[in-house]
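Undergrad: Chains as they are written, first to last, in this note's numbering: chain A, 581 to 688; chain B, 3 to 117.
Bear in mind the hints are in silico, worked out from the structure with no lab data behind them.
Any given hint might turn out to be false.
With a cut-off of at most 25 Å between alpha-carbon atoms, the simulated SDA-like pairs for lysine to any residue come out as follows [claimed, not checked]: (1) 650(A) - 686(A); (2) 639(A) - 686(A); (3) 675(A) - 116(B); (4) 616(A) - 60(B); (5) 636(A) - 105(B); (6) 616(A) - 105(B); (7) 650(A) - 116(B); (8) 639(A) - 104(B); (9) 616(A) - 650(A); (10) 675(A) - 58(B); (11) 650(A) - 596(A); (12) 636(A) - 101(B); (13) 616(A) - 101(B); (14) 675(A) - 14(B); (15) 675(A) - 62(B); (16) 636(A) - 98(B); (17) 649(A) - 101(B); (18) 636(A) - 97(B); (19) 616(A) - 99(B); (20) 636(A) - 104(B); (21) 675(A) - 16(B); (22) 675(A) - 13(B).
Per the computed footprint, the stretches of chain B lying under chain A, defined by three or more beta-carbons under 8 Å from a beta-carbon of chain A, are [claimed, not checked]: (23) 42 to 51; (24) 101 to 108.
Where is the CB? At the ideal position from N, CA and C, for every residue including glycine.
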Amino acid sequence: GQQVMQIPQYQHVQEGEDFTTYCNSSTTLSNIQWYKQRPGGHPVFLIQLVKSGEVKKQKRLTFQFGEAKKNSSLHITATQTTDVGTYFCVVYGNKLVFGAGTILRVKS
Amino acid sequence: NAGVTQTPKFQVLKTGQSMTLQCAQDMNHEYMSWYRQDPGMGLRLIHYSVGAGITDQGEVPNGYNVSRSTTEDFPLRLLSAAPSQTSVYFCASASSPPIEGSPLHFGNGTRLTVT
Numbered sequence: 581g582q583q584v585m586q587i588p589q590y591q592h593v594q595e596g597e598d599f600t601t602y603c604n605s606s607t608t609l610s611n612i613q614w615y616k617q618r619p620g621g622h623p624v625f626l627i628q629l630v631k632s633g634e635v636k637k638q639k640r641l642t643f644q645f646g647e648a649k650k651n652s653s654l655h656i657t658a659t660q661t662t663d664v665g666t667y668f669c670v671v672y673g674n675k676l677v678f679g680a681g682t683i684l685r686v687k688s
Numbered sequence: 003n004a005g006v007t008q009t010p011k012f013q014v015l016k017t018g019q020s021m022t023l024q025c026a027q028d029m030n031h032e033y034m035s036w037y038r039q040d041p042g043m044g045l046r047l048i049h050y051s052v053g054a055g056i057t058d059q060g061e062v063p064n065g066y067n068v069s070r071s072t073t074e075d076f077p078l079r080l081l082s083a084a085p086s087q088t089s090v091y092f093c094a095s096a097s098s099p100p101i102e103g104s105p106l107h108f109g110n111g112t113r114l115t116v117t
């Protein structure tokens, strides 16, 4: 069945450093969504990618969808303390599958 | 707009007790779903509904029941609580089923502890 692997599981960065998380699928995806969950909070939708090679930006966040539509990345430039939380991807094969998430901690 | 409202925020149950987690949305969304979130694991789908009167099982349905009598409400019932059901539960809704790519709107969650 549909599986998605998200790496790394955890990352601790100094404020101002960049951060990247990756989602890799065993099969071709129709689309991929990214969510952010603050500590103690609920997941909040960030963006959806649909097209092969698509790149979308939201301020310091850059989202990419691989050419083969099997992987995606979320890159944060110059992290801030407000970026802390868990970032996870969501894909749909024959069912909705959530990545396990990457926990981001930012040292100020 | 209230969005998705979940109650209660916290609950402690003894093994064998039953309870209902409430979920309501005011966005006229057809799709509603329940997830549990455990440390180190992705959200796992318990049950979902694509409209009033229609429900189906997700990945981990055992020990849980749902009903969808109205578009707005989608309660989750724990029939006989077990310690393995200690988790954080999220309700989420979307304007259409996930296959169509609609974003999920999550409630604030219910933290359940079963002793």
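Undergrad: Hints first: check each against the structure and report whether it holds.
TA: Hint check:
no. : hint            : result
1   : 650(A) - 686(A) : violated (29 Å)
2   : 639(A) - 686(A) : holds (18 Å)
3   : 675(A) - 116(B) : violated (29 Å)
4   : 616(A) - 60(B)  : holds (23 Å)
5   : 636(A) - 105(B) : holds (16 Å)
6   : 616(A) - 105(B) : holds (13 Å)
7   : 650(A) - 116(B) : violated (39 Å)
8   : 639(A) - 104(B) : holds (22 Å)
9   : 616(A) - 650(A) : holds (21 Å)
10  : 675(A) - 58(B)  : holds (12 Å)
11  : 650(A) - 596(A) : violated (30 Å)
12  : 636(A) - 101(B) : holds (21 Å)
13  : 616(A) - 101(B) : holds (21 Å)
14  : 675(A) - 14(B)  : violated (31 Å)
15  : 675(A) - 62(B)  : holds (13 Å)
16  : 636(A) - 98(B)  : holds (23 Å)
17  : 649(A) - 101(B) : holds (16 Å)
18  : 636(A) - 97(B)  : holds (23 Å)
19  : 616(A) - 99(B)  : holds (21 Å)
20  : 636(A) - 104(B) : holds (17 Å)
21  : 675(A) - 16(B)  : violated (33 Å)
22  : 675(A) - 13(B)  : violated (29 Å)
23  : 42 to 51        : holds (count 6)
24  : 101 to 108      : holds (count 6)
Hints 1, 3, 7, 11, 14, 21, 22 from the earlier list are contradicted by this structure; the remaining hints agree with it.
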